[in-house]
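Visitor: Below are the chains, spelled out letter by letter.
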Amino acid sequence: MPVIEARGLRKTFDTTIALDGINLQVEEGRILGLIGPNGAGKTTALNAILGLTSYQGELSVLGRDPWRQRNELMLDVCFISDVAVLPRWMRVSQALDYVAGVHPRFDRAKAESFLAKTTIGRNSRIRTLSKGMVTQLHLALVMAIDARLLVLDEPTLGLDILFRKQFYDSLLNDYFDRNRTILVTTHQVEEIQNVLTDVMFIDRGRIVFACSMDQVESGYSEVMMNPEKVAAARMLKPISERQSFGRTILLFDGVDRQQLGGFGEVRTPSIADLFVAIVGNQSGETRGAAV
Amino acid sequence: MNSESSAMPESLGRQQVTAAAMASTRPFYWSLRRELWEFRSIYLAPLVAAAVILSAFMLSSFAGIWEPALRLDPDSAKIAEPYNFVALLLMGTTFLVAIFYCLDALYGERRDRSILFWKSLPVSDVTAVLAKGAIPLVVLPLITFMITAVTQWIMLLWSSMILSASGHSVAALWNHVPLFHIWAMLLYHLIAVHSLWYAPFFGWFLLVSAWARRAPFLWAVLPPFVVGFFERIAFRTTHFVSMLSHRFAGGHESAPFPASGMSIDHLMHVNVGEFLTRPGLWIGLGITAVFLAGAVQLRRYRGPI
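Top to bottom, those sequences are chains L and S. Sequential numbering from 233 applies to the first sequence in this note's numbering. Sequential numbering from 1367 applies to the second sequence in this note's numbering.
Worth flagging that the hints you see were computed from the coordinates, not collected in a lab. Quick caveat: nothing in here was measured; it's all calculated off a predicted structure. Hints should not be assumed to be uniformly reliable.
[What the hints assert, rightly or not] Ranges between beta-carbon positions, derived for each pair:
hint: 1; chain 1: L; residue 1: 380; chain 2: S; residue 2: 1399; range: 19 to 29 Å
hint: 2; chain 1: S; residue 1: 1643; chain 2: L; residue 2: 247; range: 50 to 60 Å
hint: 3; chain 1: S; residue 1: 1584; chain 2: L; residue 2: 390; range: 31 to 41 Å
hint: 4; chain 1: L; residue 1: 354; chain 2: S; residue 2: 1402; range: 17 to 27 Å
hint: 5; chain 1: L; residue 1: 341; chain 2: S; residue 2: 1583; range: 51 to 61 Å
hint: 6; chain 1: L; residue 1: 349; chain 2: S; residue 2: 1454; range: 20 to 30 Å
hint: 7; chain 1: S; residue 1: 1519; chain 2: L; residue 2: 411; range: 53 to 63 Å
Every residue, glycine too, gets a C-beta built ideally from N, C-alpha and C.
Could you put together the complete structure from these sequences and hints?
Guide: As structure tokens, this is what we get:
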């Protein structure tokens, strides 16, 4: 059974269409990156999955209807929606007490041992912690919950590079296993490229691209062209073409790498470049900013 | 709580039973504690009020203001007066605390976006709203009772000490201040009026708190005024306003108001049967239930502001 399954998922706000009939399926043990420009519908999709917003169409998360069964679903799902959501008035010890009190799958010792590696004081109020520490605390709480699906919406926004790196390292080393599934949205695509097993692009409320990272590696190639061979390479119908340091870079979908080897330097494209190639061809200004 | 968690690693069946019990009561218990952590004024405000009045009372005994009454008791009401005053002041304090608590309870969590954190945990909107409703309806009346009772007890002890120190008998004092009757009356009054009879007020404030995008106080207070004025101008009647003031005044002439003096006579007049058969009581509770159900739905649909 897929962890998340959506068919024809729609959500409209007054006049705008946030989700325009999304179909998606996420299997267990995957780390899926949901990438899209601002206003593409990422957060709406996550909110629907988390039971925070109503929707039309079919959606099942761990076999449950998130809108009708949010509190049961939250036994198996954790989310960090934005670093700012931990209540500022709360003390660290109160946060631990509260989650231990209401969540039957919370392992307090685990959260404590994770916190012991940080400089967060048990008695501090959350408002006195730095942004990075709040994220560490939230992550400590979430990682100590034996959940099956973890949803992260811009979890590392506004953190410095050290915290961001540490965040994903902890997630991979201390949390993730084959029985868990992680769904993450972020603008810092390059940093999580190696973390993801699957990637999905969303644009204007539609899924425009869905692929495993293995498929990206085997199917897509980026060639930094030898200048004299550009014309010949164009015959192979690259999906995008850009200039970098005076050299032409072509991106190919499903063209044999050996064949491309003759044109120049072949490598696997980054998610960011792939995103620009697939999503960003029209109206560049808003798109470019998103990646 | 501890016994429950230590009983966990047993057979699977037992585990399911404890899990089921946990699913219903533990989230509610922790939601209540959460409210007390966040809104410390729930107990700090009445404590401060009690401390202020207690120190004023002690000072007054040195100044000799109560002394004639203590010594000669020509007028028994005068002896009981400060005790009633304490009860009144503390009830007024906690009533204000209740109103401001209700206005912030479902509004503040949306404004600071912490609602996303609360909703990421397996606590239903019903549990969350009921826990918030329990603060003005159950917790605050109980806190008011306990703090008032302790304050009155200290006052009586203090007066007795002063009296015996100056060589007077304390019997007259204890006769005129029948603490247990005062406490029984107070508890009855708090449950009947402050909890059950005022419930629609708190329900309304919670509903507005769940609904308003800004200025919940104005949204809670202005519409009743508008309705009142509208009625006055359109129909030249004042049913709505008089209904509200009737509700606020405690409902009935026979409503037990300890402010008018607490004595054994008054205890005799408390008519529980009459109170429980008032249609107004049950209509009010019905309206409260509707308001709370609305607040639950709003909490479900409304995201952070």
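Visitor: Would you mind marking each hint as holding or not holding in the structure?
Guide: Evaluation of the provided hints:
In this structure the supplied range 19 to 29 Å holds for residue 380(L) paired with residue 1399(S), their Cβ-Cβ distance being about 28 Å. Look at residue 1643(S) against residue 247(L): about 54 Å separates their beta carbons, and that is inside 50 to 60 Å. Hint check: residue 1584(S) to residue 390(L), Cβ distance near 34 Å, so the stated range 31 to 41 Å holds. Between residue 354(L) and residue 1402(S) the CB atoms are about 19 Å apart, so this pair conforms to the stated range of 17 to 27 Å.
Remark: the range hint 51 to 61 Å for residue 341(L) to residue 1583(S) is contradicted by a beta-carbon distance near 44 Å. For residue 349(L) paired with residue 1454(S), a C-beta distance near 54 Å fails the hint of 20 to 30 Å. Between residue 1519(S) and residue 411(L) the Cβ separation comes to about 59 Å, which falls inside the hinted range of 53 to 63 Å.
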